[in-house]
Amino acid sequence: MANTIHLDIVSAEGEIFSGDADMVFVPASEGEIGIAPRHAPLLTTLKAGEVRVKTGNQEESFYVGGGALEIQPHRVTVLADTAARAHDLDEAAALAAKQRAQEAMADKGASISLAEAQAELARAMAQLRAIERLRKKR
Amino acid sequence: MAGAKEIRGKISSIKNTQKITKAMEMVAASKMRKAQDRMRAARPYAEKIRLVIGHLRKANPDYKHPFMVERPVKNLGLIIISTDRGLCGALNTNLFKAAVTTIRTAQARGEQVQLCLIGTKAVQFFRRLGLPVLSSTAHLGDKPHIADLIGTIKVMLDAFRDAKIDRLILAHNVFVNTMTQRAELAQLLPVETRDEAELQKLWDYIYEPSARDLLDGILMRYMESQVYQGAVENVACEMAARMVAMKSASDNAGKLIGELQLIYNKARQAAITKELSEIVGGAAAV
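Same order as they appear, the protein sequences are chains A and B. Here the numbering used here is used: the first residue of the first sequence is 1, the next is one more, and so on. Here the numbering used here is used: the first residue of the second sequence is 1, the next is one more, and so on.
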């Protein structure tokens with residue numbers, strides 16, 4: 001136990017890897033770092049790249065699109081991003097969301113008539129049901 | 001008594017409807033299973049990120065991120081996650097009722113309410129309330145992706161940072177089991193901080209780059225993961241609710257067919273009896 005670290009690679013949409021490793025290499029924002037057991041606690045962001053996991057003689061690698069990394073002496077957590085992130089990309093997405101909201105609210109005429117039509121339909125259905133019931137009673 | 005042909009027509013039309021509801025029930029059942037898997041898959045991330053935030057708070061209690069600061073509430077923000085399509089029982093209605101109750105009590109306290117809507121049904125419903133909507137998104141499909149939510153959430157987070165909102169609440173359905181879904185409103189911002197007893201040690205991380213930037217990125221991802229989790233859970237709820245609604249629709253159709261069949265048989269028998277008595281009557285007259 002003493003000479004391995006527990007590694008979790010998780011993304012918001014699912015767990016990617018969970019297990020013990022001898023050494024882990026991650027693409028931190030300030031340059032690639034290698035993590036051996038009993039590493040000092042560290043918190044940093046990741047850039048897009050490859051996370052390499054060394055277990056015995058085997059090496060596995062995972063692609064991450066960025067994210068965050070937390071290191072504690074015997075536990076490493078990689079919080080991977082699934083989406084491509086950049087400040088202007090986020091900004092553009094936010095603008096699009098605002099615009100959608102405005103469009104949806106401006107689109108009042110069309111959908112109120114839709115809502116009215118739905119209400120009309122519900123009323124007609126209720127009437128039909130009532131007629132049906134009356135018929136059955138007779 | 002209606003004619004036999006009419007009743008036959010009615011029976012066949014109900015049978016067609018039943019086929020559709022049965023098909024929808026089965027589709028919803030299989031989609032529900034996948035949605036549940038996705039819901040479970042999203043959990044480890046949220047747990048890990050919560051742990052990291054807990055550590056961060058313990059490690060440097062002197063720095064307070066804007067997302068953690070409590071302010072007197074003048075403006076309330078509400079993120080409401082609904083389904084895109086109907087035919088899922090009272091799922092959306094229950095959620096909207098709970099949300100409207102919260103909105104009304106907030107307004108009674110003199111707070112302004114601003115909305116963020118996810119899903120077509122929420123957009124349609126809350127348009128009629130006439131409250132300001134800051135951002136909205138729809139048509140996420142059965143597999144919501146975090147990339148589709150980032151912009152929508154960012155608008156609300158920015159509004160909180162700029163003090164346009166003092167409190168942010170997430171309203172969505174919680175999947176209890178296949179038969180039960182519960183509408184739930186949970187506070188997103190300011191981040192509620194629980195003091196965990198196990199984290200009493202005083203130690204600090206090495207930060208690369210600064211603690212502020214890191215905390216900012218991590219908190220933002222935390223919010224996104226919370227909303228994403230809500231969206232995924234809502235899909236599972238939608239499918240479960242639709243499955244149950246369609247099952248009862250199929251059952252009702254079956255009952256209706258049975259009743260109509262009985263009426264049809266009676267009508268048929270009556271027609272035969274009538275014909276027979278006419279023949280007998282005719283023969284007697286001769």
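Hints may contain errors.
[Claimed, not checked] Which stretches of chain B does chain A cover? Using the computed rule of at least three CB atoms under 8 Å from a CB of chain A, they are:
#1 35 to 45
#2 48 to 57
#3 78 to 90
#4 163 to 170
#5 219 to 227
#6 242 to 249
[To be verified] Straight-line Cα separation of at most 25 Å, BS3-like style, residue types lysine-lysine; simulated pairs:
#7 B:5 with A:136
#8 B:31 with A:137
#9 B:274 with B:31
#10 B:48 with B:74
#11 A:136 with B:255
#12 B:74 with B:5
#13 B:15 with B:247
#14 B:34 with B:247
#15 B:164 with A:137
#16 B:74 with A:137
[What the hints assert, rightly or not] A partial selection of chain A residues facing chain B, derived with a Cβ cut-off under 8 Å:
#17 6
#18 11
#19 15
#20 32
#21 35
#22 37
#23 48
#24 59
#25 60
#26 73
#27 77
#28 88
Because the hints were derived from the structure by calculation, they are not lab data. Cβ atoms here follow ideal geometry from the backbone N, Cα and C, with glycine treated the same way.
Against the structure, the hints come out as follows:
Against chain A, the stretch 35 to 45 of chain B contributes 5 residues with a C-beta closer than 8 Å to a partner C-beta. That satisfies the three-residue criterion, and the hint holds. With a threshold of 8 Å between beta carbons, the proposed coverage of the stretch 48 to 57 of chain B by chain A holds, since 6 of its residues qualify and at least three are required. Three residues within the 8 Å Cβ limit are the bar, and the stretch 78 to 90 of chain B against chain A gives 0, so the coverage statement is violated. Coverage of the stretch 163 to 170 of chain B by chain A is violated in this model, with 0 residues showing a Cβ closer than 8 Å to a Cβ of that chain against a need of three.
With 3 residues having a beta carbon nearer than 8 Å to a beta carbon of chain A, the stretch 219 to 227 of chain B meets the requirement of three or more and the stated coverage holds. Check result for the stretch 242 to 249 of chain B against chain A: violated, 0 residues qualifying (beta carbon to beta carbon below 8 Å, three or more required). Taking the CA atoms of residue 5 of chain B and residue 136 of chain A, the gap is about 17 Å. The hint holds against a cut of 25 Å. Pair hint residue 31 of chain B plus residue 137 of chain A does not hold up; C-alpha atoms about 42 Å apart against a cutoff of 25 Å.
Distance restraint check for residue 274 of chain B and residue 31 of chain B: the Cα-Cα separation of roughly 54 Å exceeds the 25 Å cut-off, and the hinted pair is therefore not satisfied. For the suggested pair residue 48 of chain B and residue 74 of chain B, the alpha carbons sit about 33 Å apart, so the restraint of at most 25 Å is broken. This hinted pair checks out: residue 136 of chain A and residue 255 of chain B have alpha carbons roughly 15 Å apart, not beyond 25 Å. With a CA separation close to 66 Å, the supplied pair residue 74 of chain B and residue 5 of chain B exceeds the 25 Å bound.
At roughly 14 Å between alpha-carbon atoms, residue 15 of chain B and residue 247 of chain B fall within 25 Å of each other, so this suggested pair holds. Pair hint residue 34 of chain B plus residue 247 of chain B holds up; C-alpha atoms about 19 Å apart against a cutoff of 25 Å. Restraint check: the Cα-Cα separation between residue 164 of chain B and residue 137 of chain A comes to about 61 Å, which exceeds 25 Å; the hinted pair is violated. Our distance criterion of 25 Å between C-alpha atoms is broken by residue 74 of chain B and residue 137 of chain A, whose separation comes to about 58 Å.
A cut of 8 Å between beta carbons decides the hint on residue 6 of chain A: the least distance to chain B is about 12 Å, and the hint is violated. Interface hint at residue 11 of chain A: satisfied, since its Cβ lies 6 Å from the closest Cβ of chain B, which is below the 8 Å cut-off. Against a cut-off of 8 Å between C-beta atoms, the interface hint on residue 15 of chain A holds, since the closest Cβ of chain B lies about 5 Å away. With a least beta-carbon distance of about 12 Å to chain B, the hint placing residue 32 of chain A at the interface is violated under the 8 Å criterion.
Annotation: residue 35 of chain A was flagged as interfacial toward chain B, and the flag is violated, the nearest CB pair being 12 Å apart, outside 8 Å. Against a cut-off of 8 Å between C-beta atoms, the interface hint on residue 37 of chain A is violated, since the closest Cβ of chain B lies about 17 Å away. At a threshold of 8 Å, the smallest CB-CB gap from residue 48 of chain A to chain B is about 14 Å, leaving the interface hint violated. Using the Cβ-Cβ criterion of 8 Å, the hint placing residue 59 of chain A at the interface with chain B is not satisfied: the shortest such distance is roughly 23 Å.
Because the smallest distance between the Cβ of residue 60 of chain A and any Cβ of chain B comes to about 18 Å, over 8 Å, the interface hint for this residue is violated. For residue 73 of chain A, the interface hint is violated, the least distance from its beta-carbon to any beta-carbon of chain B being 10 Å, above 8 Å. Hint status for residue 77 of chain A relative to chain B: holds, with the closest Cβ pair at about 5 Å, below 8 Å. Taking 8 Å as the C-beta cut-off, the interface hint given for residue 88 of chain A is violated, the closest approach to chain B being about 12 Å.
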